[in-house]
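Asker: Chains as they are written, first to last, in our numbering: chain A, 42 to 414; chain B, 0 to 294.
Bear in mind the hints are in silico, worked out from the structure with no lab data behind them.
None of these values were measured; they are calculated from a predicted model.
Take the hints with a grain of salt, since some may be wrong.
Claimed, not checked - What follows is a list of derived Cβ distance ranges for each label pair:
{"hint": "1", "chain 1": "A", "residue 1": "Q56", "chain 2": "B", "residue 2": "L198", "range": "30 to 38 Å"}
{"hint": "2", "chain 1": "A", "residue 1": "R170", "chain 2": "B", "residue 2": "A279", "range": "32 to 40 Å"}
{"hint": "3", "chain 1": "A", "residue 1": "R170", "chain 2": "B", "residue 2": "S239", "range": "48 to 56 Å"}
{"hint": "4", "chain 1": "A", "residue 1": "G163", "chain 2": "B", "residue 2": "L7", "range": "51 to 59 Å"}
{"hint": "5", "chain 1": "B", "residue 1": "W138", "chain 2": "A", "residue 2": "N105", "range": "54 to 62 Å"}
{"hint": "6", "chain 1": "B", "residue 1": "M109", "chain 2": "A", "residue 2": "Q174", "range": "40 to 48 Å"}
{"hint": "7", "chain 1": "A", "residue 1": "E166", "chain 2": "B", "residue 2": "I29", "range": "57 to 65 Å"}
Claimed, not checked - Capping the alpha-carbon separation at 30 Å, the derived lysine-lysine pairs in DSS-like fashion look like this:
{"hint": "8", "chain 1": "A", "residue 1": "K48", "chain 2": "A", "residue 2": "K194"}
{"hint": "9", "chain 1": "A", "residue 1": "K142", "chain 2": "A", "residue 2": "K171"}
{"hint": "10", "chain 1": "A", "residue 1": "K160", "chain 2": "A", "residue 2": "K142"}
{"hint": "11", "chain 1": "A", "residue 1": "K68", "chain 2": "A", "residue 2": "K222"}
{"hint": "12", "chain 1": "A", "residue 1": "K194", "chain 2": "B", "residue 2": "K232"}
{"hint": "13", "chain 1": "A", "residue 1": "K194", "chain 2": "A", "residue 2": "K68"}
{"hint": "14", "chain 1": "A", "residue 1": "K194", "chain 2": "B", "residue 2": "K191"}
{"hint": "15", "chain 1": "A", "residue 1": "K68", "chain 2": "A", "residue 2": "K106"}
{"hint": "16", "chain 1": "A", "residue 1": "K142", "chain 2": "A", "residue 2": "K222"}
{"hint": "17", "chain 1": "A", "residue 1": "K222", "chain 2": "A", "residue 2": "K194"}
{"hint": "18", "chain 1": "A", "residue 1": "K208", "chain 2": "A", "residue 2": "K160"}
{"hint": "19", "chain 1": "B", "residue 1": "K99", "chain 2": "A", "residue 2": "K142"}
{"hint": "20", "chain 1": "B", "residue 1": "K191", "chain 2": "A", "residue 2": "K222"}
{"hint": "21", "chain 1": "A", "residue 1": "K171", "chain 2": "A", "residue 2": "K68"}
{"hint": "22", "chain 1": "A", "residue 1": "K171", "chain 2": "A", "residue 2": "K160"}
{"hint": "23", "chain 1": "A", "residue 1": "K171", "chain 2": "B", "residue 2": "K232"}
{"hint": "24", "chain 1": "B", "residue 1": "K55", "chain 2": "A", "residue 2": "K106"}
{"hint": "25", "chain 1": "A", "residue 1": "K48", "chain 2": "A", "residue 2": "K250"}
{"hint": "26", "chain 1": "B", "residue 1": "K191", "chain 2": "A", "residue 2": "K48"}
{"hint": "27", "chain 1": "A", "residue 1": "K106", "chain 2": "A", "residue 2": "K194"}
{"hint": "28", "chain 1": "A", "residue 1": "K250", "chain 2": "A", "residue 2": "K315"}
{"hint": "29", "chain 1": "A", "residue 1": "K142", "chain 2": "A", "residue 2": "K194"}
{"hint": "30", "chain 1": "A", "residue 1": "K106", "chain 2": "B", "residue 2": "K191"}
{"hint": "31", "chain 1": "A", "residue 1": "K106", "chain 2": "A", "residue 2": "K222"}
{"hint": "32", "chain 1": "B", "residue 1": "K99", "chain 2": "A", "residue 2": "K48"}
{"hint": "33", "chain 1": "A", "residue 1": "K315", "chain 2": "A", "residue 2": "K68"}
{"hint": "34", "chain 1": "B", "residue 1": "K55", "chain 2": "B", "residue 2": "K232"}
{"hint": "35", "chain 1": "A", "residue 1": "K68", "chain 2": "A", "residue 2": "K48"}
{"hint": "36", "chain 1": "A", "residue 1": "K250", "chain 2": "B", "residue 2": "K232"}
{"hint": "37", "chain 1": "A", "residue 1": "K250", "chain 2": "B", "residue 2": "K55"}
{"hint": "38", "chain 1": "B", "residue 1": "K99", "chain 2": "B", "residue 2": "K191"}
{"hint": "39", "chain 1": "A", "residue 1": "K68", "chain 2": "B", "residue 2": "K191"}
{"hint": "40", "chain 1": "A", "residue 1": "K194", "chain 2": "A", "residue 2": "K171"}
The C-beta atom is built at its ideal place from N, Cα and C for all residues, glycine as well.
What follows is each chain in one-letter form.
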Amino acid sequence: MAEIGIKNVRKSYGQTQILHGVDLNFKSGEFVVILGPSGCGKSTLLRMIAGLEEISAGEISIDNKVVNDLEPRDRGCSMVFQNYALYPHMNVAANIGYALKVAGVPRAERDRRILETAKIVGLEELLNRKPAQLSGGQRQRVAMGRAIIREPKVFLFDEPLSNLDAKLRVQMRVEIRRLHKRLSATSVFVTHDQVEAMTLADKLIVMNKGHVEQVGTPLEIYHRPRTRFVGSFIGSPAMNFFETTIAPGGDRVLLDGIAQAIDPLLGSKNAGVKVAVGIRPEHCRLVPAGTVNSVPANVDFVEELGSGRIVHVEIDGLGFAVSVEEDQFFEQGAMAGLQLPAEHIHLFSQETGLRLDDAPVALRQSAPKTVAA
Amino acid sequence: MIERTPILNAVTYLIMILGLILILGPFWMIFTASTQSLQQVSSVPFNMMPGGDFLKNVDAAWDRANLGPALFNSLITSLLVMVGKIVVAALSAFAIVYFKSPLRHVFFWMVFLTLMLPLEVRVIPTYNIAADVFEPVRWIINAVTGIELSLQWNLLNSYSGLVLPLIATATGTFLYRQFYMTLPDELAEAAKMDGARPLRFFIDILLPLSRTNMLALATIMFVYAWNQYLWPKLMTTDASYQTAMVAMRSLVPSINALPEWNVSMAGALIIMLPPLIVVAVLQRWFVRGLVSTDK
Chain A
42 MAEIGIKNVR
52 KSYGQTQILH
62 GVDLNFKSGE
72 FVVILGPSGC
82 GKSTLLRMIA
92 GLEEISAGEI
102 SIDNKVVNDL
112 EPRDRGCSMV
122 FQNYALYPHM
132 NVAANIGYAL
142 KVAGVPRAER
152 DRRILETAKI
162 VGLEELLNRK
172 PAQLSGGQRQ
182 RVAMGRAIIR
192 EPKVFLFDEP
202 LSNLDAKLRV
212 QMRVEIRRLH
222 KRLSATSVFV
232 THDQVEAMTL
242 ADKLIVMNKG
252 HVEQVGTPLE
262 IYHRPRTRFV
272 GSFIGSPAMN
282 FFETTIAPGG
292 DRVLLDGIAQ
302 AIDPLLGSKN
312 AGVKVAVGIR
322 PEHCRLVPAG
332 TVNSVPANVD
342 FVEELGSGRI
352 VHVEIDGLGF
362 AVSVEEDQFF
372 EQGAMAGLQL
382 PAEHIHLFSQ
392 ETGLRLDDAP
402 VALRQSAPKT
412 VAA
Chain B
0 MIERTPILNA
10 VTYLIMILGL
20 ILILGPFWMI
30 FTASTQSLQQ
40 VSSVPFNMMP
50 GGDFLKNVDA
60 AWDRANLGPA
70 LFNSLITSLL
80 VMVGKIVVAA
90 LSAFAIVYFK
100 SPLRHVFFWM
110 VFLTLMLPLE
120 VRVIPTYNIA
130 ADVFEPVRWI
140 INAVTGIELS
150 LQWNLLNSYS
160 GLVLPLIATA
170 TGTFLYRQFY
180 MTLPDELAEA
190 AKMDGARPLR
200 FFIDILLPLS
210 RTNMLALATI
220 MFVYAWNQYL
230 WPKLMTTDAS
240 YQTAMVAMRS
250 LVPSINALPE
260 WNVSMAGALI
270 IMLPPLIVVA
280 VLQRWFVRGL
290 VSTDK
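Same shape as in the complex, but just chain A (with noise of 0.2 Å):
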């Protein structure tokens, strides 16, 4: 177990910056996702940590010892890598123990920490099996058994579940989840699924072109994106938004020369910024057309998802996105209303793309109890 301190780093190739000062703090046995699109700089930044990339500036420090220049057998981490990066010529056992049979243990003590190990992510019995020989699943054990003998203070994960089929990464990351609880060392895990992302951080990151966006719980980065960016790049299907300017009263925006409510306090400080306005299609609702309060809104097709659907609609060449219940229907083609709840509008300014208020509606009325890690 250790705290992790990063302070101010930054990383450059030649002129090209990838990382621009980047300042986090991650507790000791905290469950840290780094999550945003690819080349964000978060691989990048995850394996500046392992020691695997050299820092350009700033400080790393690892159990409040600065690591900048430790290679990475000294820094005390073990890291799971997307391939899994298994040696194929040894089988899982070999494969496990190699960081043990580097640092001399005996083989003894070797063989019963391997076999432990196994235990732990369910391997026991095919420790004689060739990578080759393995199930994807269980190359994703090994990568994490060879992790885990080391009784490292700190994990990484780089994207170690992208390389899997969907219903084996929900499986694994259930495992993950797990194993942290069991042995509660600090763990990094960088992806690029908003999924996973929620459902495994104690705190979640949110990284853009080299810069920390966000960082909070994951309930707190879905309630309150701090910009524009993170409002798009968390929840699926994407936040829908469109652009206006706030009306001079300062408590409506306009939709197709609709009226739609906002929070009025926070509007009356900004009557007549120019706002990107954010919704997610969870919190829309349609409506039967011409309802009182609902903008007129064409239904362009509809996703089926089961348990519900999603409607696409279109108001004047703008597209909307609604998640609908199970027993709501919509057909394409017809005329449905759309309503924009005030309580659930997310504003942006158009020009920094910065969050406007600092105290959202949504939460100011039910604050969202915190994770029990």
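Given the structure of chain A, go ahead and fit chain B onto it with the hints provided.
Answerer: Relative to chain A, chain B alone:
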């Protein structure tokens, strides 16, 4: 692709069989000549059927060319060259691929350029160095400090002289480099995370993984070293260091002697045998190592 083209098939088979005859024909001639007596081998036209003098000819060739020690010398030098080439190739490619030194491309291309400078081209300077290994060292020291040293090391008439100049290998380095580049980077990183230092990674991970590659290289290099003629001929004046290829020279009839081609061919057959065995044994890996990226 499945196609039904019986005529085309027949034609391709015909071409293939012709090619086979073209390649195997000379070998058959060597074999039949080696079994015939002096009269039979000298008859015109040449008789393609084997005669009954095989053992007599082999015996004569063995004695006349002193093939026992010569084959032994060839075997020793070829094995040493083979092992040396593999070690040098594996290590130099390791340095080029896994160490991000800014000059590694320069080094790689320098190694690669030597492909254009086979031994035959640089045989005189190489001979100079072999005759006086420390000459360049002395020259540099003299140029820098003005001190004349009397270091001397002469490789002529020695196994090291037969082996060392042949060990550097661009082909092998290139083959190994290509192999290392097929391995995912994460393998090296995983080993790093597991605490393995570079040499440990090389021995524990890279060498076992490159087994097929190594055997392919062994096949090529053994045959290459076995077939060396010019260099051993230059290097060895002492008959006890003569290799089989050089010994073969004494079996080729000279102008005024009897044209005993039957004995020459019997000798050729004996000398051909060891590389043939090596290729036969290793050919399975030879093909795999060259063709696939099998890991």
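Asker: Hints first: check each against the structure and report whether it holds.
Answerer: Right, here's what the structure says about each hint:
1. Q56(A) x L198(B): 30 to 38 Å: holds, 35 Å
2. R170(A) x A279(B): 32 to 40 Å: holds, 33 Å
3. R170(A) x S239(B): 48 to 56 Å: The hinted range 48 to 56 Å holds for R170(A) and S239(B), with Cβ atoms some 54 Å apart.
4. G163(A) x L7(B): 51 to 59 Å: Taking Cβ atoms as reference, G163(A) and L7(B) lie about 56 Å apart, which means the hint holds.
5. W138(B) x N105(A): 54 to 62 Å: holds, 57 Å
6. M109(B) x Q174(A): 40 to 48 Å: Check passed, 42 Å falls within 40 to 48 Å.
7. E166(A) x I29(B): 57 to 65 Å: Cβ of E166(A) to Cβ of I29(B): about 59 Å, so the range 57 to 65 Å holds.
8. K48(A) x K194(A): holds, 19 Å
9. K142(A) x K171(A): holds, 18 Å
10. K160(A) x K142(A): holds, 19 Å
11. K68(A) x K222(A): holds, 15 Å
12. K194(A) x K232(B): Since the Cα atoms of K194(A) and K232(B) sit roughly 64 Å apart, the hinted pair is violated (cutoff 30 Å).
13. K194(A) x K68(A): holds, 12 Å
14. K194(A) x K191(B): holds, 16 Å
15. K68(A) x K106(A): holds, 14 Å
16. K142(A) x K222(A): holds, 27 Å
17. K222(A) x K194(A): Since the Cα atoms of K222(A) and K194(A) sit roughly 14 Å apart, the hinted pair holds (cutoff 30 Å).
18. K208(A) x K160(A): Given that 30 Å is the threshold and the Cα spacing comes to 23 Å, the pair holds.
19. K99(B) x K142(A): Holds. K99(B) to K142(A) sits at ~27 Å (cutoff 30 Å).
20. K191(B) x K222(A): Roughly 27 Å between the alpha carbons, so the hint for K191(B) and K222(A) holds.
21. K171(A) x K68(A): violated, 37 Å
22. K171(A) x K160(A): holds, 18 Å
23. K171(A) x K232(B): Given that 30 Å is the threshold and the Cα spacing comes to 50 Å, the pair is violated.
24. K55(B) x K106(A): violated, 82 Å
25. K48(A) x K250(A): holds, 18 Å
26. K191(B) x K48(A): holds, 25 Å
27. K106(A) x K194(A): holds, 13 Å
28. K250(A) x K315(A): holds, 24 Å
29. K142(A) x K194(A): Holds: K142(A) and K194(A) sit about 19 Å apart, inside 30 Å.
30. K106(A) x K191(B): With a Cα-Cα distance of about 20 Å, the restraint between K106(A) and K191(B) holds, given a limit of 30 Å.
31. K106(A) x K222(A): Distance of about 25 Å is within 30 Å: holds.
32. K99(B) x K48(A): This hinted pair holds, its Cα atoms lying about 27 Å apart.
33. K315(A) x K68(A): violated, 39 Å
34. K55(B) x K232(B): Holds - the C-alpha atoms of K232(B) and K55(B) are around 28 Å apart, at most 30 Å.
35. K68(A) x K48(A): holds, 14 Å
36. K250(A) x K232(B): violated, 66 Å
37. K250(A) x K55(B): violated, 83 Å
38. K99(B) x K191(B): Distance ~15 Å between K99(B) and K191(B) Cα, so the pair holds.
39. K68(A) x K191(B): With a Cα-Cα distance of about 26 Å, the restraint between K68(A) and K191(B) holds, given a limit of 30 Å.
40. K194(A) x K171(A): holds, 28 Å
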